[in-house]
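Novice: Both chains are sitting in their own frames, so use the hints and assemble them into the complex.
Going down the list, the sequences are from chains X and B.
If you're matching positions, the first sequence starts at 2 in our numbering and goes up one per residue.
If you're matching positions, the second sequence starts at 102 in our numbering and goes up one per residue.
It is worth saying that the hints were derived from the structure and are not from the lab.
None of these values were measured; they are calculated from a predicted model.
Certain hints may be false.
Label pairs and their computed distance ranges (CB to CB) [stated by the list, open to error]:
no., chain 1, residue 1, chain 2, residue 2, range
1, X, E15, B, G146, 36 to 44 angstroms
2, B, H440, X, Y18, 22 to 30 angstroms
3, X, H173, B, H440, 56 to 64 angstroms
4, B, G297, X, S277, 24 to 32 angstroms
5, X, K242, B, E320, 25 to 33 angstroms
6, X, R118, B, G446, 53 to 61 angstroms
7, X, P338, B, H440, 22 to 30 angstroms
8, X, K151, B, G446, 53 to 61 angstroms
9, B, E320, X, D198, 47 to 55 angstroms
10, B, F332, X, D274, 51 to 59 angstroms
11, B, R334, X, E57, 25 to 33 angstroms
Stretch-level coverage of chain B by chain X, calculated; a stretch enters the list once three of its residues show a Cβ under 8 angstroms from a Cβ in chain X [to be verified]:
no., region
12, 189-198
13, 317-328
14, 331-338
15, 423-433
16, 438-448
16 angstroms max Cα-Cα, derived EDC-like pairs, lysine to aspartate or glutamate [said to hold, decoys possible]:
no., chain 1, residue 1, chain 2, residue 2
17, B, K436, X, D278
18, B, K436, X, E11
19, B, K432, X, E127
20, X, K271, B, D443
21, X, K271, B, E320
22, B, K244, B, E320
23, B, K436, X, D276
24, B, K432, X, D276
25, X, K54, X, E127
26, X, K6, B, E435
27, X, K54, X, E17
28, B, K432, X, E114
29, B, K338, X, E324
30, X, K3, B, E320
Even for Gly, the Cβ is constructed at its ideal location relative to N, Cα and C.
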Amino acid sequence: MKELKLPNVELPEEAEYLRREIREFLSEERSRGSFEPKCDTWLGGYSAEFSRKIGEQGWLGMTWPKKYGGHERTALERFVITEELLAAGAPVAAHWFGDRQTGPLLLRYGTKEQKQRFLPLLARGEIFFAIGLSEPNSGSDLASVSTRAKKSGNKWIVNGSKIWTSGAHHAHFMITLVRTAPLGEKKHEGLSQILLDLSAPGITIRPIHLMTGEHHFNEVIMEDVEVSEDMIIGLEGGGWKQSLAELAYERSGPERFMSTYPLLEELVRKLSDSDSDYAKIAVGRLVSRLWTLRKMSLGVAGLLEQGKSPEIAAALVKDLGTEYENEIIKTARLLIPSHPSVTADSSFDALLAQSILHAPGFTLRGGTTEILRGIIARGLGVR
Amino acid sequence: MSEIRSMLEDTVSKVLRDLCTKELISAAEKGEFPETLWETLEELGVNAVGIHEEKGGSGGDLGDFMDLLKIVGYYAAPVPLAEHILSNFALSECGLPVTNTISTFSFENEIDFDKTDSGWVLSGIAKFVPWARNAKTITIIGKTFENQYKIANVRLKECQVRNHENLAGDPFDEVILNHILLSENEVTAIDNSKVGEIFDLATLTRVMLMTGSMERTLELSVTYTKERTQFGRPIGKFQAVQQKLAILAGETTASMAVADFIITNIDAGISTEEASMAKIQLGDAAQEGARIAHQVHGAMGFTDEHPLHQSTRRLWAWRDEYGLESILAKKLGEKILSHPEDLWGFITRHTKATSDKR
Chain X
2 MKELKLPNVE LPEEAEYLRR EIREFLSEER SRGSFEPKCD TWLGGYSAEF
52 SRKIGEQGWL GMTWPKKYGG HERTALERFV ITEELLAAGA PVAAHWFGDR
102 QTGPLLLRYG TKEQKQRFLP LLARGEIFFA IGLSEPNSGS DLASVSTRAK
152 KSGNKWIVNG SKIWTSGAHH AHFMITLVRT APLGEKKHEG LSQILLDLSA
202 PGITIRPIHL MTGEHHFNEV IMEDVEVSED MIIGLEGGGW KQSLAELAYE
252 RSGPERFMST YPLLEELVRK LSDSDSDYAK IAVGRLVSRL WTLRKMSLGV
302 AGLLEQGKSP EIAAALVKDL GTEYENEIIK TARLLIPSHP SVTADSSFDA
352 LLAQSILHAP GFTLRGGTTE ILRGIIARGL GVR
Chain B
102 MSEIRSMLED TVSKVLRDLC TKELISAAEK GEFPETLWET LEELGVNAVG
152 IHEEKGGSGG DLGDFMDLLK IVGYYAAPVP LAEHILSNFA LSECGLPVTN
202 TISTFSFENE IDFDKTDSGW VLSGIAKFVP WARNAKTITI IGKTFENQYK
252 IANVRLKECQ VRNHENLAGD PFDEVILNHI LLSENEVTAI DNSKVGEIFD
302 LATLTRVMLM TGSMERTLEL SVTYTKERTQ FGRPIGKFQA VQQKLAILAG
352 ETTASMAVAD FIITNIDAGI STEEASMAKI QLGDAAQEGA RIAHQVHGAM
402 GFTDEHPLHQ STRRLWAWRD EYGLESILAK KLGEKILSHP EDLWGFITRH
452 TKATSDKR
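Next comes chain B alone, as it looks inside the complex (with noise of 0.2 angstroms):
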């Protein structure tokens, strides 16, 4: 690991363990967007990782803006890092500006980008948007009426914003656009390729968070289990509940293992394939492991007062985003069925060389 990433590592893990309490995590849910712990993240430029300095952004690589975010889904951060960087990054990557007030990010919308003789308008409904209320832009890859990607970064408040929240309770709004008028120069085109490379990103982000989330989850079952007693002993004592604990310790360990090769292999690509690889993974693992710690955890597990909730639901909630395991593996199996000689050859490939991008 280079001596900046562990840094990096040591400096964030420090502030989430000091700002990112429960209380917080709760406030937040409730509405309160955590103002101080952003602004931390700001001052040390942590919201710019990833995005090259001559654009705009704080240096480092995409494997240091991977490798933050398994810290931040360890201290379930209910804060927009993920969107915010995934959202410059993009811009970056298609020569528009960077911003440094919050900025979130839109796939999953319809939006059409409707050519003028001045500019741009922009209409239609982007849901499941993360941190649009708290955002001051977002960052939107839509399409014209000739099916050409363009993206652009929108003003949200000339857009109208309804308040919508994910299992987790962070903000997970719509974002209606009505007739945005843009400039010539706030809207470029993006080919295809440059889109699907963002989606995988986008993917990646989920599969890092829920990493974090999964470290999290067996830590505080282990923890639970040796301190909660029943019949006279600790109930991690119990091989039932033992035998429950391994099989969440392989999962966890299995996406570490997933995880790991992606912070190390991103810089030089990661293959559409691989990202999916790692998504189905990391569902798996949130589908087996949360219900393994509510299970060990017994009712307390599921009351308010326990911290259980905010990584499992966490889990839950991301599982979901840029990916669903199912559709991802249709496609993955699509591939590989339609070449059925190369299956052994696809698995041992080198990993530099099944990447099809940068």
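The shape of chain X in the complex, shown without the other chains (with noise of 0.2 angstroms):
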């Protein structure tokens, strides 16, 4: 079972330098009211200025290189910083997209001009990005996609629409993934992945609210809209391997199990008091099962930095941890008594109530539960 080893990752000294940077910055922002901790706030929390603030401490872009506006440092110290941010139910929807998967997707597939016009912005906080993956006929069977580019002169129009798209409505850009050929008798070829401009006309953002009445997902239309050929992103052609690619970057990361971290460190304060053995056994097994899934996803950023694609590994660590997520829910709301409501007063209250209305959300995006299981038993191999 070689792919399901990952290996044992110690967190560099540098590292831990910037964790004690982060707390601090974390803290102060706190003080001055910045934000407010929330849960699941790499979906809801989306706040343009606490981006660009990120971005001045130099803490997006971070394992970019330094010529295109990035801070060469390790996958390690990125996870440092994404799991304190985390932690402290920070605002980091608006540049989480960009930073986690259209950074890296540039990098490796993207052509130098792409690379000089795009990074360098989004490394500063300045723009930010969507991804256009579903649409309304397919979901899980994502090869189906029919959104089509045609290219006429030097240039495509697309046609089409995608659904469940974070964020759309505050992004300047959307990686799109198109059928550049018809669909043939493999559906995984002829799909390419385009950067398209969400101000550009023909296109229509309609939001799409959540059971919560929040708006953070969107249906974004495109009738005719015309992309200049360069913004196409690496091969025509090539755009399933490059999603795949992106995949271990988005289903490992820390915000694969900390979704609602906030719960969790709310739970243990209201319970600091408490001598029931049953609260003390369920919050042990909480912080166990955090520490497991840490090393588990810090063993897939190891691989990631040596330049492996461990897709394996990656859906396991966000089957478990959105699991896990749920579990502090279904804990916290057996442990104390209370009366869920995201207009609350208490903190518990709001921070349960968040949780619980975003929950169903965990084990569907970026793959759900399901399709992550399958992707699994192939690489056991009974698939």
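Specialist: So, in structure tokens, the structure goes:
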């Protein structure tokens, strides 16, 4: 079972210096009132101003080359910044997808011009990206997407629609998976990734409200949108392979087990004077699992640092991690009787409400649990 | 990984692959101690890994010892390797002589150390002692009337041994000490922190053995679901089965990650909390993993004929030894709740910094 083996990763000293720096920064920001800790902030916590501050600190594009505005730090240093931001419940949604996925994608497959144009802006937190994958008729079966890009002179003409696009109403650009050749026998062929300017004529962005009434998701409708031919990323027809390469980044990070961490912290605070054995056992178990998941996630970060693309291990981390995010909710509500409400004054009640109402998404976004388990089964060789 | 460790891995894997057959394990369960297997391990010096050469061991570090146990667990080897090395480790740490003949180990006991004019008298019962019937000595950590910990290595031929077995069918005997006389220099004091350290090490032996068992359980399950055909195709082609296997793979990977962390860090120091969290992970993995493995194996998997039970019964046995998940979780939870502001600090603290020993 070599595919399942994760290296043991110890964080280097530099990473720990960085941890002290960002903790200081975050506690200053907190005391200045620039944010209140919330659950699931990488989806729901939009603050362009905060993202720019993070950029100023040098905490965006951390691993990218300096010539593109990056900071040439290691993936492990980036891991520390990421987990500290999530632990603090800081508003990180604006830059999340660009920093996590678009940057590495452009570095790997983008043209020199694309890198020069977009990466420095991304690293400064001045432009934000959305990821356009799912469509009304293509969810888990992603390769069946039908958004079409047709060549016309030196332009692509894009028609179709994307759905569940987080943050498209704030983002400047969307990495869009499109069909550049008609659907043939092999549906994974003929797909390409295009950088789409969301302010271009022909684009309509419609909100899709969550059941909380919050607006994070969108439907992005593209009608005869003209895209210059140099906005294609990597190879024409290479979109599927390129998208897969992003998945290990997308699925293994701390955000896959820390979406409800602020609730755990509040739970522990509230139970601090408890002498209930049941509470102690439950908290001990939650803490143990978090410790284990973090080791796994660090292991995947270590493989990414070595230039590997551990798709199966990443799927495992996301599967176990998102189950764990739900486990925190389940445990918290049984330990402290409350009346959760997103408008509650009590922070426990509010965090619990945010968690409950966001939880259905945890095991859906970025590949449903069922799809992930299928990938794992393929890795085991049974599929 | 050090060259020595990888050589050790290869050698021990080969020995166990060749000798530790299903038949050998079944025979051991019926009371036939695998002499040849033990002697082979002895000749290779495997039974003294992790004990300093100056103190009579084979050298190597605790990381090597841990790594070795993972392989022993994988092959479900019915030998008291963990106990023998634990016993010798405890003895050597306390300045007592190590022993080459099989030695076992007891924590769970009610044995009093009484001082006499000429030495010590030990009385009481040690329960659930692995392989006491096959061992020559038992290392006992017990207390005096003044509530001080003492350690001694007691000759088993002077004790009464009652046979008992654990869920795996491995010897798990009761040892009765009836006024065993020991000389002054056969008993020594052991301080509380050392007792704690040895208990943590004992906990970690189970973590390692169980990790090996999880790997084996997953492998058997994958092999079986590829071979077993129903409705015209291997059952592994059914999504319902795949989804279960994926969960088993997840728990196995999590266990392997934890085990690797232990192997890498044990010589610099593993904290009690880390040992507890590792055991809690393995306890959870065993619960879910064994259940899934049996489910996908169908009725075949719980017959004597199929080797699966040799791994799953060990998972069920080992999870109860040296720290039950709930008890470990309670202590950990207590610690967390007494410093709620340090939760995140606790999770992220650099290992070396959390270590409170060595």
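Novice: All hints, please: hold or fail.
Specialist: Results for each hint:
1. X:E15 / B:G146: 36 to 44 angstroms: Holds, at about 41 angstroms.
2. B:H440 / X:Y18: 22 to 30 angstroms: Distance hint for B:H440, X:Y18 holds at roughly 24 angstroms.
3. X:H173 / B:H440: 56 to 64 angstroms: Hint violated: Cβ distance 44 angstroms, outside 56 to 64 angstroms.
4. B:G297 / X:S277: 24 to 32 angstroms: Once the Cβ atoms are compared, 25 angstroms apart, the range 24 to 32 angstroms for X:S277 and B:G297 holds.
5. X:K242 / B:E320: 25 to 33 angstroms: With a Cβ separation near 30 angstroms, X:K242 and B:E320 satisfy 25 to 33 angstroms, so the hint holds.
6. X:R118 / B:G446: 53 to 61 angstroms: The hint (53 to 61 angstroms, Cβ to Cβ) is violated, given that X:R118 and B:G446 are roughly 41 angstroms apart.
7. X:P338 / B:H440: 22 to 30 angstroms: With a Cβ separation near 25 angstroms, X:P338 and B:H440 satisfy 22 to 30 angstroms, so the hint holds.
8. X:K151 / B:G446: 53 to 61 angstroms: For X:K151 and B:G446 the Cβ distance comes to about 56 angstroms; the hint holds.
9. B:E320 / X:D198: 47 to 55 angstroms: holds, 51 angstroms
10. B:F332 / X:D274: 51 to 59 angstroms: holds, 57 angstroms
11. B:R334 / X:E57: 25 to 33 angstroms: Cβ of B:R334 to Cβ of X:E57: about 58 angstroms, so the range 25 to 33 angstroms is violated.
12. 189-198: violated (count 0)
13. 317-328: Since 5 is at least three, the answer is holds.
14. 331-338: Per the Cβ count (3), the hint holds.
15. 423-433: holds (count 7)
16. 438-448: Result for this restraint: holds, n = 8.
17. B:K436 / X:D278: holds, 12 angstroms
18. B:K436 / X:E11: violated, 24 angstroms
19. B:K432 / X:E127: Between B:K432 and X:E127 the Cα gap is close to 47 angstroms, so the pair fails against 16 angstroms, i.e. violated.
20. X:K271 / B:D443: holds, 14 angstroms
21. X:K271 / B:E320: Outside the cut-off at roughly 43 angstroms; violated.
22. B:K244 / B:E320: Given pair B:K244, B:E320 is violated - Cα atoms ~44 angstroms apart, limit 16 angstroms.
23. B:K436 / X:D276: holds, 12 angstroms
24. B:K432 / X:D276: holds, 12 angstroms
25. X:K54 / X:E127: holds, 10 angstroms
26. X:K6 / B:E435: violated, 33 angstroms
27. X:K54 / X:E17: Not OK: X:K54 and X:E17 at ~21 angstroms, beyond 16 angstroms, violated.
28. B:K432 / X:E114: violated, 57 angstroms
29. B:K338 / X:E324: Violated: B:K338 and X:E324 sit about 24 angstroms apart, past 16 angstroms.
30. X:K3 / B:E320: Given that 16 angstroms is the threshold and the Cα spacing comes to 11 angstroms, the pair holds.
In this structure, the earlier hints numbered 3, 6, 11, 12, 18, 19, 21, 22, 26, 27, 28, 29 are contradicted, and the remaining ones agree with it.
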